[in-house]
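Visitor: These are the residues of each chain, in order.
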Amino acid sequence: MRGFGDLEQVIMQRVWDHDRPVTVRELFDELALERAIAYTTVMTTMDNLHRKGWLAREKEGKAYRYTATASQAEYSARLMQEALADGGNTEAVLSHFVAQMDGAESEALRAVVDRLAERRPR
Amino acid sequence: MRPALLVFGYALMVAWLAPPLLTRLTARGISARLGLAAWLTAMASVVACAVAALQFLVRAAITGWPSLAEAVCRSVTGTACAPTVYKSAAFEAGLGATALLATLTAAVLSWRYGRSVQRARRRTHEHAELARMTGRILPGAGPAMVLDAEQPVAYCVPGRPAAIVLSSGALAVLDPAQLTAVLAHERAHLAGRHHVLTGLTRALSACFPAVPLFARGAGEVARLAEMCADDAAARRSGRPTLIAALLAMGTGTAVPATVVPDTALTATGCAVVSRVQRLLDPPDRALLVGYGTALAALTLLLAAASVMLAGYAGPLATHALALI
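Note that the protein sequences, when read in sequence, are chains A and B.
Under numbering that gives the first Met the number 0, the first residue of the first sequence carries the number 0, and numbering increases by one thereafter.
Under numbering that gives the first Met the number 0, the first residue of the second sequence carries the number 0, and numbering increases by one thereafter.
Accuracy of the hints is not assured; some may be wrong.
EDC-like cross-link-like pairs, simulated, lysine to aspartate or glutamate; straight-line CA separation at most 20 Å [to be verified]:
1. A/K58 / A/E25
2. A/K51 / B/E125
3. A/K51 / B/E128
4. A/K51 / A/E81
None of these hints come from the bench; they were simulated from the model.
Since the structure is predicted, the reported quantities are computational estimates derived from the model, not experimental observations.
Using the sequences and the accompanying hints, generate a full structural model.
Guide: Shown next as structure tokens:
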């Protein structure tokens, strides 16, 4: 299962790297240069990514042409937004190293650090 | 009837009386792991006893309705309970309605509990997938991903596979030793399966906000899990490095470990400061042993009492019912 998840990630990365729609054949040809992989595996993985909403596709002749539904930067931004919103959430599901702080809390912490830096200069 | 009430009464007693005691024992976070165990055991024992008591009541209602009616009538009115009363339509209808209402309430609450646990899990899995797909892999750091964002952020997402997510802003303010401490902290959360504990206890407090043990327990479990992870990171990287990492991530500026004092700070104000304070003031051996013993004893007591009560409620109750 783990290997399969990794393949999804590899394929998404490839699709993002291409600036145009790609076919299963094109990605398979690229991947086959680097690893032993079956055409049907690439096809199934891309089909899964489509089903999960990561890839959009359009039929062209016999084959599908795939594009990412959003850019990598957009997904990164969405992830960060989720992570930050979660930090101040009582229903939080992520374990943040440092919880989100409000203005007064960050100021209090800032003051502590400033005082320490003064007390013991490097 | 009596045994079920006894078990239920015990559950209520623990739910209302345990929080102040547990809070006092775990406030300073001395032996955080045992503190965590004590809170969780108290919560589990209340759930187990409440379920056992309910189960008995339902079984009694199904198998011996007339004797249950009589037993309830007796326990309310004492010996003055006559057959004309507990065999009357009004009494039976009232009792029936109460039983139905209790069953419905229990069903709705368990359904809501399951749904809220489920929803949190789904959100986590979606987030883990998003992280796996979009993050860059941090070389040599295990399952760690880096995302481009200025704000210093570090967290772990449980799942298969789990991921630790760091923002590029976090990498910018942490030196290599501090980064190791942060990763050790997050790995401790994943290894200790803290998300399961916080997930279950948060859902409990959301479903039963009026029960002090659950309402208070969710926050305490999260706080103690944080302390456990801090302890693991401090063992791995040393206290000063972890403290510097906490301050750096909290303020968004690089903080060298050399500015970290070796005595307690005179400051309060936020969760990070309390965590720093706790790390600066480690308990001596006597305190550690004292608190550890008290917490372990309390945990054992709670576990033994609830196992006995929940385990014997069924047989005892059947016995009592046969006597009536």
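Visitor: Does the structure break any of the earlier hints, and which numbers would those be?
Guide: none
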